[in-house]
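Chemist: Read left to right, the first sequence gives residues 460 to 1052 (my numbering).
Keep in mind the hints are simulated off the structure, nothing from the lab.
Keep in mind that a hint or two might mislead.
To be verified - Derived pair list, reagent style BS3-like, types lysine-lysine, alpha-carbon separation capped at 27 angstroms:
#1 Lys671 <-> Lys584
#2 Lys928 <-> Lys858
#3 Lys479 <-> Lys616
#4 Lys576 <-> Lys542
#5 Lys616 <-> Lys685
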Amino acid sequence: MTNQEVAQLLRAVAAAHQLKPGGANTRFRVIAYQRAADAAEHATSELKDVWEQGKLDTIPSFGSSIAGYLDELFKTGSVRHFKTIFAGLPPALFELLQVPGIGVKTAFKLTKKLGIKDASRAIEKLERAAREGKIRTIPGFGEDSEADIIRSIEEIKGRTGRMLLPYANQIADDVVSWLRKHPVVVRADPLGSLRRQVATVGDVDIAVASKKPQEVIEHFTKYPKKTRVLEAGGQTSSLVLPGGAQVDLMVQPPQSYGSLLQHFTGSKHHNIALREFALKHGMSLSEYGIRKIKNQKLKIKNFSSEEEFYKELGLAWIPPELREDAGEIEAALEGKLPKLIDIDNIRGDLHLHSSFPIKTSHDEGMDSFQKMVERAGELGYEYLGFSEHNPSQSGNTKKQILELLKKKKEAIEKINYSRGKSENKRIKKVFNGLEIDIKPDGGLAIPEEGFEFLDYAIVSVHSSFRQNKKEQTKRVITGLSHPKAKILGHPTTRRLNRREGIEFDWEQIFDFCKKHDKWLEINSWFDRLDLPDTLVREAVNHGVKMVINTDSHQLEHMEIMRYGVSVARRGWATETDIVNTWDWTKFSKAFSM
DNA sequence: GCCGTTTTCGGCCCGACTGTTTTCAGTCG
460 MTNQEVAQLL RAVAAAHQLK PGGANTRFRV IAYQRAADAA EHATSELKDV
510 WEQGKLDTIP SFGSSIAGYL DELFKTGSVR HFKTIFAGLP PALFELLQVP
560 GIGVKTAFKL TKKLGIKDAS RAIEKLERAA REGKIRTIPG FGEDSEADII
610 RSIEEIKGRT GRMLLPYANQ IADDVVSWLR KHPVVVRADP LGSLRRQVAT
660 VGDVDIAVAS KKPQEVIEHF TKYPKKTRVL EAGGQTSSLV LPGGAQVDLM
710 VQPPQSYGSL LQHFTGSKHH NIALREFALK HGMSLSEYGI RKIKNQKLKI
760 KNFSSEEEFY KELGLAWIPP ELREDAGEIE AALEGKLPKL IDIDNIRGDL
810 HLHSSFPIKT SHDEGMDSFQ KMVERAGELG YEYLGFSEHN PSQSGNTKKQ
860 ILELLKKKKE AIEKINYSRG KSENKRIKKV FNGLEIDIKP DGGLAIPEEG
910 FEFLDYAIVS VHSSFRQNKK EQTKRVITGL SHPKAKILGH PTTRRLNRRE
960 GIEFDWEQIF DFCKKHDKWL EINSWFDRLD LPDTLVREAV NHGVKMVINT
1010 DSHQLEHMEI MRYGVSVARR GWATETDIVN TWDWTKFSKA FSM
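Construct the complete structure from the given sequences, taking the supplied hints into account.
Modeler: Pasting the structure below:
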């Protein structure tokens, strides 16, 4: 039973409760189950593990009832109480909820009137009914809602999961520059999960400051690349782009733009927590500003900047990356927000793949040492490290491998020797590293004699992802135990939208890294962003050091450092935690092996 | 069903947009 499956079950219970007659109690019970589902989905450890430790009720939103039901779930595989809740409801109902625009009430009505019962192919059956014109005949539906259902189903068919952050960035840049072409647009900014720099982005959200919202909306709906306009009201509008990406727009006058930024940046959970916090202090929040509850007639107070908005609540301004309802409001209240790192703090990159012909086991880089060193200088770095993949063990003899490693060492030494004469005098040192596969048994994929040619090794898992948690933990700790192994590369090996990360016993890994001063990598690669932000936060709490690397295979990739920095920020990391923010003096001391 | 710096009872975030209505329910973020 995965967290995702638990979340799905809780969401289904919430949906089922929505169909039950009853007053306010039912309404809030629904919300309670939805919150519990969110909590399950966002939990940083496996609920089953938490359950084994008897700590389910320590998770916020899990009270005694839900914790009790989950106890039964993990023990027996099902929950009797939930079965009675689901009694009489067609399984198809929960399938139809996947269609945007269809909620519980609508789904129930549709299953009943169309006679769709089974979960399998429920959406297919709904689509057929819609295309045959059967939906418009149901009371409460019309031709428009029937057409909407068809379009929505087409869209979920073409959907390929959430967008990667850099891709969403590109879309937003394009839409924002289109918006800025219109003279009534004072400001336009991408917000939502993009501004919070979440690894994957669902919808692209954009806010505009303007005194003429109608004209902005009209201009927005004429965006040339749209495939259709989803909605267009007085101050909000949504478009769909080719590929299914959705862009949401919200417009406000400049004097309340701060409130709008705040509202539209989210996250939803942060906003809910913030409004609850405000309510306790006699204030009510919305995207328009702050209202004192005792004085209904008092006009809403506007804010042109977010800083003022948070200040009015008695809080320090909270960086968008922290707005996930993960303790940031309490920290802001107590003045204990972390001093987050910034891209300007980065002083080196230790995971670069050059084109040096080392007959690698995986993909080679495209650019030379020299070019990459120069780029590092332009980026303001003081040090960098080349870590090509280890030479292939099947394609080379042991003797050949040692020869290749020796040659590479000599080439790097030459660069270091001639470096002083180049324009990049600020580069203090180029390190000679290697990214070495951790084999399934924990062994490292070069001969022991090869290590003497290296300054350091990044050790990474590139195969056998399916070992169980215990084996993987042992494997990685064994690999990291080599004295030259300093960094665990892309630790979970996840590829966003492609495969889940490996499961480890993180307590063990963190303890090992802390004790032996090993560093965990935050890999900036587009679909990795690994360590994931939630684990960065845990590593920070354990006092484990991390290094942000790009894993560049060509010059242009060296720019993606910013996404790794975003991951670190989302994990509450400060300069103390991230070793490549350290200046040369401090870093070189820490990096000597 | 959850939760606690006014509370272990009595609250629970706030508003926009749409379609099908004729004042609103449902959905979404």
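Chemist: Find the hints from earlier in the document that the structure breaks and name them by number, from lowest to highest.
Modeler: Result: hints 1, 2 and 3 break, sorted rising.
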